[in-house]
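*Asks:* If you read the protein sequences in the order shown, they are chains R, G, P and B.
Read in order, the letters of the first sequence are residues 105 to 481 in our numbering.
Read in order, the letters of the second sequence are residues 105 to 481 in our numbering.
Read in order, the letters of the third sequence are residues 592 to 917 in our numbering.
Read in order, the letters of the fourth sequence are residues 592 to 917 in our numbering.
Possibly wrong hints are sitting among the right ones.
As the list claims (entries may be wrong) - List time: in silico BS3-like cross-link candidates among lysine-lysine, alpha-carbon distance up to 25 Å:
(1) R:Lys424 - R:Lys145
(2) G:Lys131 - R:Lys306
(3) G:Lys306 - R:Lys131
Source of the hints: derived by calculation from the structure; they are not laboratory data.
None of these values were measured; they are calculated from a predicted model.
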Amino acid sequence: MLVEKSDDKLIAATADGRADLPAVVAKFEIRRSRFLDPAGKPVRALPDFARDRAEMAALYRGMVLARSFDAKAVALQRTGRLGTFPSALGQEAVAVGIAAAMRRDDVLLPSFREHGAQLWRGVTPVELFLFWGGDERGSNFAQAREDFPICVPVGTHVPHAVGVALAIKLRREDRVAVCAFGDGATSKGDVAEALNIAGAWKLPAVFVINNNRWAISVPVAQQTAAETLAQKAIAAGFDGEQVDGNDVVAMREAVARALAKARAGGGPTLIEALSYRLGDHTTADDASRYRSDSEVSPHWAEEPIGRLRRYLVEEESWTKSDEEGLIDEVASLIDRAAEAYLVFPPPAPEAMFDFTYEILPRDLAEQRREALGAAAE
Amino acid sequence: MLVEKSDDKLIAATADGRADLPAVVAKFEIRRSRFLDPAGKPVRALPDFARDRAEMAALYRGMVLARSFDAKAVALQRTGRLGTFPSALGQEAVAVGIAAAMRRDDVLLPSFREHGAQLWRGVTPVELFLFWGGDERGSNFAQAREDFPICVPVGTHVPHAVGVALAIKLRREDRVAVCAFGDGATSKGDVAEALNIAGAWKLPAVFVINNNRWAISVPVAQQTAAETLAQKAIAAGFDGEQVDGNDVVAMREAVARALAKARAGGGPTLIEALSYRLGDHTTADDASRYRSDSEVSPHWAEEPIGRLRRYLVEEESWTKSDEEGLIDEVASLIDRAAEAYLVFPPPAPEAMFDFTYEILPRDLAEQRREALGAAAE
Amino acid sequence: MPEISLVQAINLALARAMADDETVIVLGEDVAAEGGVFRATEGLLDRFGPERILDAPLAEGAIAGLSVGLAAQGFRPVAEIQFTGFIYPAIDQLVNHASRLRTRTRGRLTCPMVLRSPCGGGIRAIEHHSESPEAMFAHVPGLRVVIPSSPARAYGLLLAAIRDPDPVVFLEPTRLYRAAREEVEDDGAALPLDRCFVLREGSDLTLVSWGAMIRETLEAAELLAAEGISAEVVDIATVKPLDTEGLLASVGKTGRCVIVHEAPVTGGVGGEIAARLAERALVSLLAPIERVAGWDTVMPSPRLERYYLPSAARIAAAARRALAYQ
Amino acid sequence: MPEISLVQAINLALARAMADDETVIVLGEDVAAEGGVFRATEGLLDRFGPERILDAPLAEGAIAGLSVGLAAQGFRPVAEIQFTGFIYPAIDQLVNHASRLRTRTRGRLTCPMVLRSPCGGGIRAIEHHSESPEAMFAHVPGLRVVIPSSPARAYGLLLAAIRDPDPVVFLEPTRLYRAAREEVEDDGAALPLDRCFVLREGSDLTLVSWGAMIRETLEAAELLAAEGISAEVVDIATVKPLDTEGLLASVGKTGRCVIVHEAPVTGGVGGEIAARLAERALVSLLAPIERVAGWDTVMPSPRLERYYLPSAARIAAAARRALAYQ
Ligand SMILES: Cc1ncc(C[n+]2csc(CCOP(=O)(O)OP(=O)(O)O)c2C)c(N)n1
Ligand SMILES: Cc1ncc(C[n+]2csc(CCOP(=O)(O)OP(=O)(O)O)c2C)c(N)n1
Ligand SMILES: [Mg+2]
Ligand SMILES: [Mg+2]
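Okay, chain R solo, but in the shape it has when bound (with noise of 0.2 Å):
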């Protein structure tokens, strides 16, 4: 029951008896937390690891790497040679917050716009352009072998986090299973169920809401009645939180301390990170049709890259040639990889069949020589 909350419109004192209800059994709250404001001013002290100009620099040039991914994604098309893609232009803090949060041996399960985590972790862009121009090949990733591919189907991964988790438990391993999923996937039951056995059997497990504030269409107050969507965690037995997800800072602290619980023992976080989508859900998309341009546009102000960038001018004399000289590098990157992706030989037809089962099966062998032979005509 809801007692009290900061946002006034959301209030609905109920006055329908509930006065006399003799005993409160349970107290709840949510909590939300932020490092640095849209200007990029520090509204608290910053954790430790903010201290360290590298690591900064570092998280600033993941997020523009994601950015720059991004765009070239859409480029790509835009001309046709890439199939539809979805932007995470504005959410870039959100994934690396997570990515730079984790060891190397933890294993991500993202959902479909968290490349920036991806890229962070070794999944080449190549890889990544693979996948959305429809090549399987894009998801034997040869680095974070024990990632998970990208998920489409919303939410579905997240019970995989689950069983990941119960492995890394069983196994009694000080790693951590880390999840990533949308706003609207909180609605699907395969999140709830999920939360709920990962709370029951206390597994390290880290899950984090990619709040967007819209499910294509759909707006999250439409998506749910929940205040925040933090307090999911409360049906589940742990934790939630709010953080602001435009704010690096606040993402890797938030991932960082949810997982130093889990390592500890600690059992499961959800983490609502509180983005926004600036763009389209996908290219094929028409945001246009469904939200205004004076909806969109006070999000600008909060957008998460160019808040750490004023922090970093402000801080850490961040000058013009760090940016320019980052711009060239992580462009020329994108570039090569782009264009590597262009030529990259194409995939085999027997692709298909080779890798349905380990043991081809006998009648699976018939189809297989059948089409090969069609293929070759």
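Keeping the supplied structure of chain R fixed, place chains G, P and B with the ligands upon it in accordance with the hints.
*Replies:* Leaving out everything else, chains G, P and B with the ligands in the frame of chain R:
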């Protein structure tokens, strides 16, 4: 986040730095209500309906009827004349409290342990025997024709309640969908999805968790880490509360309050009824495999029928002859029903064809002819 | 009469059904303001308002489940699942409830709902957007399963599905949404849900198909015609219940049959059709029934999908084999 | 060597697999302290402890989904779904993930999991406890689907399923759990997952079946033998992938075939078998292939189920028709 709880064991104050999170954005609490203690003593002023002796006697009769039905069903099963049967022994107050609070034209969507509510609403014991005897005609209720049949796949009827409530809301009717399900069901994604939609659409629905502490062999503490099941409602953004489910007065009052709220446009409520499964899960179960007598026996002191009887004797001069009269009346009603069930004409084999579709497809009509030929042999 | 696309025909049928019968309710993800990701429900919000067309939270299981509740209460919900790759969470409700509410209650409660979903490959879409799971539904007693292959049939069959007193799974071939165009009269006339359609008459053999594969099948018939082979093309359209008589009539005449579908061959609806023909028409069969279908592999991502989808050439080759058979 | 029941054979195979390979984990509802509602997992908790056998919360979708996660991490989860009537919420994970994790990642991640579930009717159980949905799984590329019909085959096939590097749906006929008894040697020997079993040799016709229906099929063979008809009985056992050669060998010899299954006839695995035989063995077929199967109705509640389940008499009648055919 849990800040305070009545049960010390469950308090898990964390010391992982959360203290420096600056803003509390939402607080929730879960309350628990009770009117009669296990001894039948009022612990506070009773609700208005309790002043009416006839009404209290009716609640008592409803529970006695449910228990008699249960006992007869178990006896029929033990003698091979009924299928596997789930007794609701000890949970009569939950079912009767729900039904007594409802209006006739509200819609009940029960699980499989609410025969007490079904009987109250006019489903006949013969119909229920037929159902549990493996005859679909048992779900073709002569009364309560809009009520849903017993639902065997756990939790899957909860989305139906959302649809029923939506229908009611769209037609601007003054009715409510009332759905009951078990503690185990709260782990199902169906339930989470349904609650969330009911909240998002502010539907006229009342959800009652019949928390008998066990899902077959799994105790509720293994089912979830949630401190209460009422807090599942927090994830859906509406009110949840706990009720002493062995206190029929509290059950009726809480459900009535939730119904009034729903009728007034206040949206859904989740009520967690705390009761206890005194018997085996079903007649096919042997609970001694997974729980001891010492776990069960204290709960006998809490059971709802004795509790209300003590109240009636104490406060409403319920006499031995009142009691005997009731027992006789109910016993003969149930006996007659059992007899009628046992001589009920067998179902026609063609029924399985005739109700698969309204319009019998041609190929099925052919199968029907073949089946009737085979049946005639 | 204007030429319209298949998705426009769907839209037209929805609008017609909603105008004719106020118990018809459209719901799904992004169906209202967005008008559906393929625009199948475009304009319905403006015309019928937010109580007749509802954006549901992202939960396919509950979308199916609440439709059962609505239907039991006398509404006729038409729910959209955004892609058939996301229809699987709805199967529990379809199998355990929608399809059996009538028989479980001996007719007391019924379930006149439609579950619409775009299906099939060939649109170069990412994983999970190109599936053809009709066989899973065609096995479920109590369901009807319909897949149109042209705008006019989409219109007439969808109206029939919405008016049908029992649950219907209505799969719409994404690849035809814009590609198939024809004149459609908005006359509110439904097509029968238990008849196949002869799209092209022929005497040498019968090509049986449905959905998007009707295109390649008709193309194959053209290829064969150029060789002097007269192929009859039958569009099953309603894959459950199957119009066995309609099929027998054609195959009884031609004696040879090739069945074409996009779904994996094993356990596909083609197997059922072939089995029925082999049961009922063995004497008339002059050659083994061939199936040209998707391989028993996972539907590949776009870069390999053309090796997966049956082509007109593969169909024609199978037809030639059937004709060559002595 | 003691005679044991089918459910005891399952138990034996589970214990053997867990003893042999510590990555084998058993999970499901009521599998630990309770030992499974049919006692398939009895004793495993005592022997292997609570980290090897886990009672899961009541959530079939997540049970399947977390098994995918476990399997990707190198475990071999053997998950139990309490009845096949409750397996439908697991289909999404099976179709969209388990069956394709290998191909999606081009072999980087794999999914060696087993989903066990008691299936079929004839035990006079309430609604949703008597289903036979094998055809829905047999259509899904990337899965294997196995249904044993005797204790020894249950033992050997379950071991093979657990050791298989890909996901296996393992359906156990409830009706045989206690009724089928035979000697089983606990030798850890697996049976092949791609072969059918000839249970009775014969020359006049082939009866094909699997699971619980093997009983009625063998009974029918007895009835026929009494009439001087020699029926071969083939147990498919692995319904995906089908052992086409094994089937062709038998039907090639006898020329006549009756397929028996409990699931609704339309879209059942019988259709696939009949289609394959009609494709490959048309010349050898002396009579139409008959299917004796469940009707296309919802599985009725116990009081009508005997009118639903194929009987030995129905099977024998179909066999006589097949033999009478000229
Ligand atoms: C189960 C499922 N249903 C529907 C879709 C189609 N779809 C793709 S993304 C999306 C919205 C997802 O919203 P959210 O979870 O907030 O993630 P976001 O796209 O905003 O990152 C939908 C409905 C899907 N991919 N999976
Ligand atoms: C979806 C589903 N899974 C499994 C079962 C088998 N089963 C029947 S009752 C039950 C436990 C239900 O527990 P709970 O929800 O607490 O209800 P209770 O039986 O205690 O009233 C289970 C697992 C089922 N009926 N449905
Ligand atoms: Mg979103
Ligand atoms: Mg319970």
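*Asks:* For every hint, state whether the structure bears it out.
*Replies:* Cross-check of the supplied hints:
| no. | hint | verdict |
| --- | --- | --- |
| 1 | R:Lys424 - R:Lys145 | holds, 19 Å |
| 2 | G:Lys131 - R:Lys306 | holds, 23 Å |
| 3 | G:Lys306 - R:Lys131 | holds, 23 Å |
In this structure, none of the earlier numbered hints is contradicted; all agree with it.
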